[in-house]
Amino acid sequence: MSYLSKSPWIIHYDASSCNGCDIEVLAALTPVYDVERFGIINTGNPKHADIFLVTGSVNEQNREILKNTYDQIPDPKVVVAVGICASTGGIFRECYNVMGGIDKVIPVDVWVPGCAARPEAIIDGVVKALGILEEKRKARKRPAGDRA
Amino acid sequence: MIPDPWAAVLNAVIYLLLAPVVGGLIAGIDRKITARMQGRVGPPLLQPFYDVGKLFEKENLVVTTTQNFYVLSYLVFMAVSGALFFSGGDMLLVIFAFTLSHIFLVLGAYAAFSPYSHVGAERELIQIIAYEPMIIITAAGMYMVTKSFYVSDIMQSAVPVVLYLPGVFIGYLIVLTIKLRKSPFDLSTSHHAHQELVKGVTTDFAGPNLAKIEIAHWYEYVFLLGVVYLFFGFNPLLAIAAIIIAYFLEILIDNTTSRAKWQLTMRSAWLVAGTLGIINLGVLYYLRMVVVP
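Listed in order, the protein sequences are those of chains A and B. Per the working numbering, residue 22 is the first one in the first sequence, and the count goes up by one each step. Per the working numbering, residue 286 is the first one in the second sequence, and the count goes up by one each step.
FYI, nobody ran anything at the bench for these hints, they're computed from the structure. Glycine is no exception: its CB is placed at the ideal position from the N, C-alpha and C atoms.
Selected chain B positions facing chain A (in silico; Cβ < 7 Å):
1) Gly324
2) Arg325
3) Val326
4) Pro328
5) Tyr335
6) Lys339
7) Glu342
8) Lys343
9) Glu344
10) Leu346
11) Lys484
12) Thr488
13) Ala491
14) Gly492
Next comes chain B alone, as it looks inside the complex (with noise of 0.2 Å):
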């Protein structure tokens, strides 16, 4: 079913606006809940935005200037695949558009020259590629409890997604720790002030450069944890706790391990989608096809 135009582009717009506030507020208190577990005070709640303000003060160092196009694809990208997801399009698109916006900030990684840089793009495709197919897999499962792609189909849906993918679920929360730059799995760049590889991907984006990259991540964040609603889009109330507790579980791995080598990363990310993803879906399958004909 597609959905009403209006209230799509209403949402669409929505979150738009939103996202930034929205994602700005959930790194901040990311950085405070990091902070106590490491038995620090922290920054203040707003300090990403502070952060990001500040970077649009400073002067745009750029080493080409092909690196500024680059990052505006990504920003814009990103924005796009979430206002798709949150007007209640196609999955298989917004994945699409999800995974475009990241050869983006690859892209704009390879533009610049320094070998840090390039490092850090190379990771950050190591990391497209390991938790690209557990990201197609939680797609696929959705469409095969709900009979559709649609978010707003599989949003209104009465069936409790979960019960039916609880592997897909677990799977999708194993890559969400890549997908947010957590530890273990932080290899292209990360949030922390580890100087490994200077600073990755983002190494030679200044200024307001390295803010878009910041907005984009807070856009990035909202969309992620979106997905997560989806699994439990028969109750609301349900969804948020689970969000909730998705995301303080990433905070707690991310300060609880060390990072793992990029073979560690796409093996684990790997078995995961092809074990618990892979199974889960063809016991789904297994069940409609002969125990409930």
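The shape of chain A in the complex, shown without the other chains (with noise of 0.2 Å):
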């Protein structure tokens, strides 16, 4: 195993979440929880971050944002949808501002459904985000003409 999967940190970005599945995000951090006993921490900087955790469909106003959070965060990263609004747009799909879930502008990973998704799923997203994240640091220490 490698030390990236033992030191994940973390990037959340709000894209147009009713603020349910955000707050299950920060409840992770809580005592009860406490992600910290895996490393994972919750940074506010892309360019230190490894997961990106978003909640909530993308919209018109914030899909560059999202974009450009994502362009951000340096290789290898991966990114985790958390909640049905994110996943696939949810109740929201049909609004005429949004686009649906966030892979129709950026790729993701692993997908957390839930309305809104509990702590428990929150984590265990994580946890398998880093098996992608694993395979995708061995994927770049191969010469590129290897990749997929």
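Both chains are sitting in their own frames, so use the hints and assemble them into the complex.
Here it is as structure tokens:
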């Protein structure tokens, strides 16, 4: 196991969430769940992050911000869509301004459904993301021609 | 007295090799105690090493390549200042190299274009201005007591330095809070997941560059706590106890205070240097001149 999966730093972005999932994300940082046990830190800086947690569906206003934040995270990185809105657009899917799930704008690695997603489910999703992060690290080490 | 060259080189090499290990462990213990104070379990003891290992596995994303140069200079000068200190060198030269290393960090933050990085750099400068007088007074006080600026002489001196410099010692502990980036003086950047100013002075450093900054912090920890040792050089066991208590107090202050504005940081650091430091030195001077001719 590499160091990467022992120290995943997270950046959390609220696309257009109702704040339900955001509260659950922050609940994971409280003494009850204490994700720092696994070395997980909630950073506010995309340049320090490894895992991009996005809540809420993407709309026309924030698609650029979402893309920009994603681009600023150094490789290897993974994206976790938290909640049904981030996964598919949820109940806001049909809104005139909503584009749908965040996979319309950036590549998503893990989907965590739920309304709101429970802290346990979010932590589970992040742990799944660690496996993908590890694969991406190995792929990065290989010469460019080998990459899929 | 100039220290024995071979012993000096050996000490410097030991410092360069061991300080990152010791500094990283201190950082790990710090995080564990901090977590316990907040009612959490906290990360593993070796978490700081995992973090740095991880950062070296990441892409080195820079805005301008000059950042690489500045960060490397920060690390090198931090290591050099600590190595000079532990080889028993001149205290003033040590402080000079120490300040220079921080100037490189500030320049590195200014080299990026992010406004957060710039505000962080400005705050780092303010912190340097705030703590610098007290550090100089510490060196001057040690000279007044032991009649030498050489660390080797101060350390071997049988004089109980702390008894002559109680004001300077307390003043040093207060600027230590600024130097260890602890609340209430963690203006430019913080070890906690505070998100004010994004991440301040380290905002635009990613991957290996951030790892180098972390390693420089570890070197800095060991050097700063080494200065605490100097106050108790006459009794090594007492010195170790003093270091542990001092560091524990820093963690306690960190977890019980909120962040101060830069004006308060500046004022309190200079007030401490101006009162505790200068009065202490003044009294020493007076006693030497008048009471003990």
